[in-house]
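So the chains spell out like this:
Number of protein chains: 2
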Amino acid sequence: MLNRIGRRTFLATLLALGLASLISIQARAAETDPLPSWNDGPTKQSILDFVAAVTKDGAPDYVPVPERIATIDNDGTLWVEQPIYAQFAFAVDRVKATADKHPEWKTQEPFASILADDLKGLAASGEKGMVEIVEATHSGMTTADFNKTVKDWLAVAKHPRFKVLYTDLIYQPMLELLNYLRANGFKTFIVSGGGVEFMRAFADKTYGIPPEQVIGSSGVTDYQMWDASPVLVKMPKVFFVDDGPGKPEGINHFIGRRPIFAFGNSDGDKEMLEWTAAGEGLSFMGLVHHTDAVREYAYDRDSQVGKLDKALDEAVAKGWTIADMKNDWKTIFPPAKSNP
Amino acid sequence: MLNRIGRRTFLATLLALGLASLISIQARAAETDPLPSWNDGPTKQSILDFVAAVTKDGAPDYVPVPERIATIDNDGTLWVEQPIYAQFAFAVDRVKATADKHPEWKTQEPFASILADDLKGLAASGEKGMVEIVEATHSGMTTADFNKTVKDWLAVAKHPRFKVLYTDLIYQPMLELLNYLRANGFKTFIVSGGGVEFMRAFADKTYGIPPEQVIGSSGVTDYQMWDASPVLVKMPKVFFVDDGPGKPEGINHFIGRRPIFAFGNSDGDKEMLEWTAAGEGLSFMGLVHHTDAVREYAYDRDSQVGKLDKALDEAVAKGWTIADMKNDWKTIFPPAKSNP
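The listed protein sequences correspond, in order, to chains H and A.
Using our numbering, the first residue of the first sequence is number 1, and each one after it goes up by one.
Using our numbering, the first residue of the second sequence is number 1, and each one after it goes up by one.
I should point out that these hints are in silico values taken from the structure, not numbers from a laboratory.
Treat the hints loosely; a few may be bogus.
Which copy is meant is left open, because identical chains are indistinguishable; a pair holds if it fits in one copy or across any two.
List time: in silico BS3-like cross-link candidates among lysine-lysine, alpha-carbon distance up to 30 angstroms [stated by the list, open to error]:
no., residue 1, residue 2
1, Lys326, Lys205
2, Lys56, Lys310
3, Lys56, Lys148
4, Lys148, Lys330
5, Lys310, Lys106
6, Lys151, Lys310
7, Lys310, Lys120
8, Lys101, Lys120
9, Lys330, Lys106
10, Lys205, Lys120
11, Lys187, Lys56
12, Lys101, Lys318
Because the structure is a prediction, the values reported are computed rather than measured.
In isolation and in its complexed conformation, chain H is listed as follows:
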């Protein structure tokens, strides 16, 4: 039988051992959970199960490393796309910043509405107006100058609601997913309707995705000699629209392999997910569903930006993974950097 001191020592030891093992279990969980910002549940499990299935050597669904191609949308899938795409906010700011060189814009739509901060008038200019704004702000300069302009803008422009840099409004759970995929031999590509040169200005630093793995919409460039030095000049002419059916077409043009993993968030991703699903082996199709008006935004079928309607129905019907932002994501954004 234990005496008093002996008992106390014994209990203290037990307690210490218990705490130690608890700490060790927690530490191990933190070490081994590759997706700590995802709540446990079927969504997270579907990702873990897929990666386990295709990476286990000798297993029936094993996929060799070079064929582990993951294609992931950007706006609304890797970062915030509301209330307007960051790239469109950039274009609007560029119209304002260069207006002194274009006196005609004061009376010419859609520029007049932008300069008068008349969002209603801007909206009234419709898709035609959008195209004019993008052409006016995305052409007439060299690719190098455009790259610098985008970087300069991203370094200072703040999101209207969150008041932080756009590159701070990336989704922490998706960053973890990208890292997890890469740690398992996947090559991660962005496949986005956004402008390829806009995205390349930040994708490497922000997502760890190098320029050559960024696929997007683009304009024609023209090789010219300026002061005996070659430059590529951005022309006001569409080269490729990487949206909807353009996504599988772009995947074929730029990658030349079919992805086995694809993630999107809108109807513009539907064909990319269908194309991925139609591969021969096991494949993973995922959608981010924006359901969290408090921490981010809640929108789907009727949204002007990032409309998710047909792709949602197809995902439900076919059992694709739907990441419900409110329920599946423990945190939305990485710890703030620019907003102390």
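Starting from the known structure of chain H, fit chain A onto it as the hints suggest.
Just chain A, lined up with the frame of chain H:
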């Protein structure tokens, strides 16, 4: 003083030691020479010097691994392009193979000339005829079917002079160069005027260059549903011509970084080399000069295929590397596989 046996033993030992060290020196040289099929001299040395300069950590010309982008032409740079591009030989064979489905071709140029083996008539149809032949043989099928057709053709079609498979007519020195670059952290890309889907059918197996690192000319594809399955159908419409100024434009569209190393062999590579040379740091520009009519072909300024005129003058003027096939290459082709 050594007695007779002693002396003999001593000499034998010396001899043995001498031989051993000679053998060891030769073995070491073979082990450490990354370009054994290149003759020693300034051409080979320029490659070795460049790679040493950009890979030595802390040196003034050091380039971080992700920026070590190498872009290399295919026809005439990595494999034989004479007397006609392999892809054109493929197209001609496809016209013959599918002629029964096109009775109108019997009287319709340029198809009638092909079916009559009338090369003069074919040549008379000019570029317009070429385009018609490529369109007729490179569209109207799915990307998957086209890939299979190319692979099947490459497995059997023989080069008219060398009587071996086209994929046996790759340049051993360039294979060594690709391996050497990759061993030094370079990402090797093909940037060719040839069809991207044609090249992707063999580039991985033949050159160790995966589909996503092959850039070439291409046609528009169309996303369609066939029997409820998505397919990409090749359309008779040009999407991108990756030749001349199209090469830097394609490098920008598909890679989004400027190469630091580029190799070509014709005027179609001029702008790619200029674009590479215009980068900020140290860069390497090289041309294969076909000077060996005995072992391969000798051609440059007046050649119909692979004309090398302005780019040669520019290379000489600017001190770019010129690989003189006859003098710089110890061997041309890898040990024969298909031709026993």
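Structure-inconsistent hints, enumerated in ascending order = Structure breaks hints 2, 4, 5, 6, 9, 10, 12.
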